[in-house]
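Student: What follows is each chain in one-letter form.
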Amino acid sequence: MAAHAAPVEFALPQVLTYPAPTPPILVAQGAEGRLYKTTYITPSLPCALKYRSPKQYRHPILDARLTKARIQAEAKVLDRCCREGVPVPAVYALDATAGWLAMEWVDGVPVRQGINVWLGDRPEDDAISDAEVADETPLVDLMKRIGDAVGALHRTGVIHGDLTTSNMMLLPWADGQSNGASSEDGEKKKAVGGDVILIDFGLATQSVTDEDRAVDLYVLERAFASTHPRAERLFTHVLEAYKQTFKKAPSVIRKLEDVRMRGRKKSMLG
Amino acid sequence: MSLETIQIERVPGTHRVDAAFFRDVSNAEFLQSQLLGRNADFEYAFIDASSVASRLHLLSAVYHAVNTQLTGTLTTTNVHSEVVLSLSPSNNIAEAYRRWGITPAKTKDIIVVSPASTLPTPDEIEQRLREKVQGTPVPLSDEEISKSTDWPKLRKYYGLNGVPILAAITDEAVRVKEMERLIIMRMALRGL
Chain H
1 MAAHAAPVEF ALPQVLTYPA PTPPILVAQG AEGRLYKTTY ITPSLPCALK YRSPKQYRHP
61 ILDARLTKAR IQAEAKVLDR CCREGVPVPA VYALDATAGW LAMEWVDGVP VRQGINVWLG
121 DRPEDDAISD AEVADETPLV DLMKRIGDAV GALHRTGVIH GDLTTSNMML LPWADGQSNG
181 ASSEDGEKKK AVGGDVILID FGLATQSVTD EDRAVDLYVL ERAFASTHPR AERLFTHVLE
241 AYKQTFKKAP SVIRKLEDVR MRGRKKSMLG
Chain D
1 MSLETIQIER VPGTHRVDAA FFRDVSNAEF LQSQLLGRNA DFEYAFIDAS SVASRLHLLS
61 AVYHAVNTQL TGTLTTTNVH SEVVLSLSPS NNIAEAYRRW GITPAKTKDI IVVSPASTLP
121 TPDEIEQRLR EKVQGTPVPL SDEEISKSTD WPKLRKYYGL NGVPILAAIT DEAVRVKEME
181 RLIIMRMALR GL
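Residue numbers (the working numbering), protein chains in the order written: chain H, 1 to 270; chain D, 1 to 192.
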């Protein structure tokens, strides 16, 4: 079998074929689109360009309409979040018809990676117990920042739709905020330090119902449990901080109990 | 030398962006009448500097305008007027001209931008502007632009009054940065 298949070369979107000193880099590829790292206006300003390519399997008119509507919806959600102070990247430019959206580049690592560095080579079956929680303060703090970010998002009336630790970035703090005892300790502390920025609003919707919010939290809870089983116990701190940040949280958390019982889909009909 | 040729990322070689900044312009009325008369010698975007927050703000508008021309979706007569429209958060063209274009009685500081595919040399453009614009040329830097910026006006134009995040910021420098960020976003989302 071809163990090392040649990487598939994608045709660049039209907008990226125009000249710039630094070539665009393909950083991620999803089912719907691709994410490039490029620059905006000046070579010193990096930006993330999300491109939804035309889908051959859809009727062209439907395809154009869906692409346009989705890019516009994502831009609107980001705009709303920015104005309300939810930590998300700003939009620099977009062309909904051409299917691209240029955003602020978040210079950091996904929260998933930060947590994994912190947990290090801890064995799979050695989950953090209640007694150990005291030793995990930096990680607990990160959980709280995640809860804050999600709380702020829901307060704004936005549902992310795909909350996972990969869709959150850690924007490192300026140096000097953490002075760890030993260097190894400091490295680990650094891995979970930083501001939490929510990214990828491709599936986001605007809604203020407890149901939608609870499902959003449930998705995060499940994603967290499967990505970081060793730190599963710390998830309660996310909910704690969520309650602190978001006034209507108690009814959402009650709803979350229901959602846990039945799963993400509400209606079992049809 | 007051005219600057600016390299903007992803503006193709068919376009060259030239810009100049004039302070205390005394013949705004004459310039506007030439624009209204569609005099071909005045095929530039004349922008009221008090409605511009920074270089990035200005160049964003230029980029949007060039991009609109490249995709063949200009909504105004040419790329120059499109620059003025691109500065606006709404699709109202007359309003955009009034707010970001030049107004005879009020406009003092003017930024002239020319993203053009027809190419008189930069020297020719510079000479032409020197003849026609009666004002003091200054460098088109963030520092010079910020001296002209009328923030209360910008806050109104871009609907930034009462935005929760701005009220929460106490540090003035941070607030200006955040306002610039929101302004660029409003421009990008024009008409949405």
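Keep in mind that the hints were calculated from the coordinates and are not lab data.
It should be emphasised that the depicted structure is a prediction, and the values quoted were computed from it without experimental measurement.
Heads up, some of the hints might be wrong.
To be verified - 30 Å max Cα-Cα, derived DSS-like pairs, lysine-lysine:
1. H:K37 x D:K177
2. D:K177 x H:K76
3. D:K153 x H:K76
4. D:K156 x H:K144
5. D:K177 x H:K190
6. D:K156 x H:K76
Unchecked claim - Covered stretches of chain D, as calculated for chain H (at least 3 residues, CB under 8 Å):
7. 26 to 38
8. 74 to 85
9. 126 to 138
Glycine residues also receive a C-beta, built at the ideal position from the N, C-alpha and C atoms.
Student: Enumerate the violated hints, using their earlier numbering and listing them in ascending order.
Tutor: 4, 7, 8 and 9
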